[in-house]
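Engineer: One letter stands for each residue in the lines below.
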Amino acid sequence: MSESSRVGPRMSAATKARPADRIFRLLSTSAAVSIMVILAGVALFLIVRSLPAILANWQTTPELSTGPTGGFASFFSYVGPLAFGTVWASVIALLMATPVAVGIALFISHYSPRKLAGFLGYIVDLLAAVPSVVFGLWGILVMRPFLLPMQVWLNEYLGWIPLFSGKVTSTGSSILTGAVVLAVMVLPIITSISREIFLQTPKLHEEAALALGSTRWEMIRLTVFPYARSGVVSAILLGLGRALGETMAVAMIISPAILVSFKLTTEGENSQTIASNIALNFPIASGLQRDALIGTGLVLFVISLAVNMLARLILNAKPGGRKLWVRPRTEPRAKAIAIAAAEAGAETAIDTSQRSPAGRS
Amino acid sequence: MSGSGTLKIPATRNRLTTGQLPRFASLYTLGVAFVLAAAVMGLIGFNAFGLAAFTSVFYLILISALSTAIENRRKAMDRFVRGLVTVAFLLALAPLVSTLWTVFSKGIGIISPAFVFTSGGSPTINPNTLEIVSSPGALQAIVGTLEITGLATLFSVPIGLLTAIYLVEYAAPTFWLRRVVNFLVDVMTGIPSIVAGLFAFSLFSLLVGPKAFSGLSAAVALSVLMIPTVVRSSEEMLRLVPADLREASYALGVTKYVTIMRIVVPTAIAGLATGVTLAIARVIGETAPIFMAASFTDAFNGNPLNGPMQTLPVMAYTGYKFPGQDIALSNDQAWGAALLLVALVIVLNLIARIIAMIFAPKTGR
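Residue numbers (numbering that gives the first Met the number 0), protein chains in the order written: chain U, 0 to 360; chain G, 0 to 364.
Simulated pairs of lysine to aspartate or glutamate, EDC-like, Cα-Cα distance not exceeding 20 Å:
#1 320(G) <-> 268(U)
#2 166(U) <-> 268(U)
#3 74(G) <-> 217(U)
These are computed hints drawn from the structure, not numbers from a lab.
Make the full structure from the sequences, and use the hints.
Structural biologist: Here it is in structure tokens:
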């Protein structure tokens, strides 16, 4: 970029400018290529560093059979329960967050006063700005005692359901508490993406539904939901991606063990997550143990990469090249709306790169 | 119930509103629900969240029942959903308010000029009493946070901005590199932060050997997280620049490079600044990657090239998880660091909004 100050002013004639032009083009292209290099580098360095631990025989290698990695037959029997715990905690969090997030998105996009919508959206986005370590501290101090009575109650009266069985937690450090905090953290992601998509529903569809005498909720069910379905699914998947990689809140709240457990209200025998396991053991691990932890990080990377790619593929699916959204199947009642709206849906298909708070006007 | 008395009035007054709940029916219902919830709380013991929860449940039941009886099932459903989404929104406010309040009330006690401007935490031996004493201080963490975030910004802004320029100005929409980079940037947004930290640690441990912890390494980790954010926001801002401006510039015989540097970027500069500020706000609170790459220390280390560095988020984490000799002091320090961090994030967000507001691009649309 130093070129700009040096050559910039003198370069108004096209012929003189060619070298600088070419250099700049090269610079920006190589920046774009560097994105590929960085992503490949992340994968490569994780693989190189973790390979010794993945390939080692865990029972005969003294370093791996003791300490945080002790007691496992191989890398895969170590990472298996961790991967399960990661997915399990995230799924519970999503089950709690999704209905609330979609509700908030609807409230902001279709129920709140128009003038307030931007401000309310900003408030929910503030939730995303709070650092995760702060949520961790908050979880320890506020959420654990707050949710404890509920967990005792669940365990006592619904203990016959396997999910709530086992010895109930005494401090609140259960996977349920962790999942509630995780849910709070993924809430803003699902909300903001869903909100943007709800707002993109073609106005003509909505007005047609209202003109036919729909109540607001019927209008939303007939026009907004079919239009936004794939978008909300990918919003949920992106939330899942965030929850999978979340480290601090889980590491600080949940009292874990490396095992597969579906129980929600226990303590000390909750399934550990990959990220939290790394955060807790990395400082005390040595050499090969660190490599093993990096190996689990690689597994996390692959899982969240898969989830994110899936989400993006759904979000970016463009049948026929230009159209972003799969056209909702027209039910008899919605048919009139669809006809009235004619091609409005196709015309308002929006390129994903433009979807953002600022892009909306 | 108290509702039925008020409900008959509009029905006799105006035929247009026949079969509808009166205008403020939801407010009255809310009042009744609140009273009922308060009564329940009186029976089983008071707590604020329970009061809110019972109020919401009673409100939803009452309004649905009333509306079904007086209006019809469809309108009842509508009112029910309206209530439900409002409750969802209020439910999201609870953790936000609670978090901010907790951090503020727990952290404000330790915040003082001494805490901000001295480095402390590492225990020293008092020569007179031979006691181990630790003093509060967060300067080492503040310096670490600023240096690491600053370096990360230095790495990611050029790469991010140039990539955005490539995507918007150079690449043809269907060119394979553009589509691949577009996709990868999206994917990169989803890299778990701890994986970025592990990447930086692996990279530096392979390059410089076992003593791999450094601020630079943490800055690399943060860059991995920051670049996609910068690319996305810059790309969007560059796209907002009207094509007329570019065409006018080309028509005058100005080359592409000068057009970009003199026309496109200056036009979008406010948006670009906002995007970068928000990206900084996003990574400044990252704990896991810094923890992996720069480790933690109580000692003051101002050199990002060598040795572990303390940062505010890591201080908040380690103060709780790996407390020093004086556990109470460590915990207090953790809250202090958390409060400073939240304040920093809020200030950055405000700056971003102010930049966006003052220099909002005046597009003609």
